[in-house]
Amino acid sequence: MRASRTRTAGVIAVAGVSSVLLAACGSSSSSSTVAASSGTGSAAAASCNGKKIAFVMGAESDPFFQAMKVGATDETAKQGATLIWQGDPKEYSPATQIPVVDQVLAQQPDALVLIPTDPDALQAEVTKAVAANVVVANVDTHVTDLSQVLTFITGDNADGGAKAADAIATAIGYKAGTKYKVVVGLSSETATTNVARLEGFKKAIADKYAGVEIVDVAYSQSKPEVANTNVNNWLTKYPDLNGIFAIDGTNGQGAAAALQAKGLTGKIALVGYDAYPDNVKLIKTGVFTALVAQDPATEARQAVDAVCTKLSGGDVSGIKHEVVIPNVVLDKNSSDADLQKYTYVA
Amino acid sequence: MASTDVKTPDHPVTQVVAPTSRWKTIVGNQQFILLVVWIAMIIGFSLKAPIFFSSGVAGNILLDWAPLVLIALGELIVVISAGIDLSVGATVGFSGVIGAFAMKALTSGGTGTVPTLVVGVLVCVLVGSAVGLINASLINYARLVPFIATLVTLGAASGLSLVLTKGAPIMSGPADAITLVIPWIGPFSKPVIVVVLITGVIWAFLHKARFGRYTYAIGSNAFAARAAGINVKRHITKVYVLSGFLAGLAGFFFYLRLNGGAPTSGLGMELDAIAAVVIGGAALAGGVGRVSGTVLGALILTTVTSGLIIIGVDPQWKRVVVAALIAIAATLQAFRKSEGGAS
Numbered sequence: 005m006r007a008s009r010t011r012t013a014g015v016i017a018v019a020g021v022s023s024v025l026l027a028a029c030g031s032s033s034s035s036s037t038v039a040a041s042s043g044t045g046s047a048a049a050a051s052c053n054g055k056k057i058a059f060v061m062g063a064e065s066d067p068f069f070q071a072m073k074v075g076a077t078d079e080t081a082k083q084g085a086t087l088i089w090q091g092d093p094k095e096y097s098p099a100t101q102i103p104v105v106d107q108v109l110a111q112q113p114d115a116l117v118l119i120p121t122d123p124d125a126l127q128a129e130v131t132k133a134v135a136a137n138v139v140v141a142n143v144d145t146h147v148t149d150l151s152q153v154l155t156f157i158t159g160d161n162a163d164g165g166a167k168a169a170d171a172i173a174t175a176i177g178y179k180a181g182t183k184y185k186v187v188v189g190l191s192s193e194t195a196t197t198n199v200a201r202l203e204g205f206k207k208a209i210a211d212k213y214a215g216v217e218i219v220d221v222a223y224s225q226s227k228p229e230v231a232n233t234n235v236n237n238w239l240t241k242y243p244d245l246n247g248i249f250a251i252d253g254t255n256g257q258g259a260a261a262a263l264q265a266k267g268l269t270g271k272i273a274l275v276g277y278d279a280y281p282d283n284v285k286l287i288k289t290g291v292f293t294a295l296v297a298q299d300p301a302t303e304a305r306q307a308v309d310a311v312c313t314k315l316s317g318g319d320v321s322g323i324k325h326e327v328v329i330p331n332v333v334l335d336k337n338s339s340d341a342d343l344q345k346y347t348y349v350a
Numbered sequence: 009m010a011s012t013d014v015k016t017p018d019h020p021v022t023q024v025v026a027p028t029s030r031w032k033t034i035v036g037n038q039q040f041i042l043l044v045v046w047i048a049m050i051i052g053f054s055l056k057a058p059i060f061f062s063s064g065v066a067g068n069i070l071l072d073w074a075p076l077v078l079i080a081l082g083e084l085i086v087v088i089s090a091g092i093d094l095s096v097g098a099t100v101g102f103s104g105v106i107g108a109f110a111m112k113a114l115t116s117g118g119t120g121t122v123p124t125l126v127v128g129v130l131v132c133v134l135v136g137s138a139v140g141l142i143n144a145s146l147i148n149y150a151r152l153v154p155f156i157a158t159l160v161t162l163g164a165a166s167g168l169s170l171v172l173t174k175g176a177p178i179m180s181g182p183a184d185a186i187t188l189v190i191p192w193i194g195p196f197s198k199p200v201i202v203v204v205l206i207t208g209v210i211w212a213f214l215h216k217a218r219f220g221r222y223t224y225a226i227g228s229n230a231f232a233a234r235a236a237g238i239n240v241k242r243h244i245t246k247v248y249v250l251s252g253f254l255a256g257l258a259g260f261f262f263y264l265r266l267n268g269g270a271p272t273s274g275l276g277m278e279l280d281a282i283a284a285v286v287i288g289g290a291a292l293a294g295g296v297g298r299v300s301g302t303v304l305g306a307l308i309l310t311t312v313t314s315g316l317i318i319i320g321v322d323p324q325w326k327r328v329v330v331a332a333l334i335a336i337a338a339t340l341q342a343f344r345k346s347e348g349g350a351s
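Those protein sequence lines, which keep their order, are chains B and X. The first sequence maps to residues 5 to 350 in this note's numbering. The second sequence maps to residues 9 to 351 in this note's numbering.
Think of the hints as simulated: they come from the structure by calculation, not from any bench. Quick caveat, the model's predicted, so the values are computed rather than measured. The C-beta atom is built at its ideal place from N, Cα and C for all residues, glycine as well. Among the hints, erroneous ones may be present.
Covered by chain B, according to a simulated footprint, are these stretches of chain X (three or more residues, beta-carbon under 8 Å) [as the list claims (entries may be wrong)]:
| hint | segment |
| --- | --- |
| 1 | 41 to 53 |
| 2 | 264 to 277 |
Partial pick of chain X residues on the chain B-facing surface, computed with a CB cut under 10 Å [said to hold, decoys possible]:
| hint | residue |
| --- | --- |
| 3 | Gly64 |
| 4 | Asp72 |
| 5 | Ala110 |
| 6 | Thr313 |
Sequences and hints are given; from them, build the entire structure.
See below:
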């Protein structure tokens, strides 16, 4: 009995210690403070010396935000500021984001760059920050009332969808009067990025490529194997399929695997979204016809730049209230420099 | 009482010989009903879309069926032992991701496809078995109920997958590995054939070997099993490690299928596994369930998925169909139980 009690206590102790270790592991990746290295070559450009800039993003697990972190880290170091990078490890939701913003504001940053996970739910946090004399910028998404926000910098999802339509039309050699069949793989019926990309795609097809018919759409719930099942069955159902628009990285992986396993690489146009490193490699091998890439690093750089100008009392007349950074289409004709530049670096 | 005397209490009506009851026996046989339902589905989908009755669609269904049946068989054994394993879906993703890291490292170091895949499958099953071992330890020694113990590992495994991969799939392993999932004999690819063989082994384990008798005994009455001399803790450890092992194999299967490991792979798949097990006639209270039922349960689930896509119905309807199937299966189970109790 005694032995078993000791053993039980041991198990609990081990479980406790390992969970603390895990938590430490997790928190080190979901938040970090990057101190400025003054005295580097770029110190000349420093206009933000000693300032604290907080970034609260959507979900650490998304490579999109990893790429954004690279831009934010670079630019804050260049400006001589300290970066506080925070966000939920995996959940893109206001319920998890609001406490994170509160915690960050308690550290009294000079500026807050916020990627609000919900326009209304995060409004109060922005109001609170502004009342505490914190300069606020929005990146990627924005709160309802932009009047208190210094600048809002975003990629354009509808434009990305339209560019995907152009890329498919080019790949299939679109000619007016000919009929073509395409399918669209999505992750969710409600995610705003999915909806905007699909709308942009549909609009471009309606406006410019009337011969293209979207014969099916399906949802993967962010699981690549489900995306794979959808595409496998479409390939059986539509032997004359011309193109696939995979609306995000997960759908891209599932569709790419389906085409490779059925030996249809290069025969069916596959346009994906988001420049994950492994997907960019598949452009070279011809699996992906094209990838629509956003530029999260630039979004972050411009946001840091704008808040630094404001914080250092510089000329703010040059800061635009809304900035849309266009998407880039990567394909086999893209230069190596471009491929490297737009690949999401984690 | 010898421990080997415990019978699988799955066919309580087989000893009834009255002619009126023979019909009842057939109808009361869940596997028979499942077979009828499955054939009816195939006919229904084929009438609506003739292309459904093709080798191509059969290949697609088998590709979905193989990983599902692997984790469903693990779940079946756990359920027969009166436990539950919620961690199998997360283990699929976690083992796939760790295996993918290993295979990526080997490939970039210039190792060939075959040795890389051998190491990959070993890593996947080791990771899966380790998760199973943690489950068993939490149940046996930390005295957590299986629901909580496996909920803990579900969270830890899925969280770790995301932390380690930063959300992106891990690819860049052997590029030609994906050719393995191309159908080889008819609609069967080589990995699917391996899964069929594994299913046979599990069947023998559960229905013809001491392992199965112990599992049914513990699930029917753990106290009696202990009194009969079965080392319950050791057997429970075997049960959960086997479940984790099979989830690891499923993770490797997904790797082959997707040319990479993804942290979101297997997300929520434990519910599909439990659905396959319940539709297949197993009772969550333990002591009841058969491999043939689970195999058919998984086949029905994956047939519904492909069928709905082929006939052009939103695949989200699958959830509704599955819900109805579970309700029917559970009702049949309840009827049989009350009948068994009355006779």
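Results of checking the hints against the structure:
no. : hint       : verdict
1   : 41 to 53   : violated (count 0)
2   : 264 to 277 : holds (count 11)
3   : Gly64      : 4 Å, holds
4   : Asp72      : 6 Å, holds
5   : Ala110     : 16 Å, violated
6   : Thr313     : 6 Å, holds
In this structure, the earlier hints numbered 1, 5 are contradicted, and the remaining ones agree with it.
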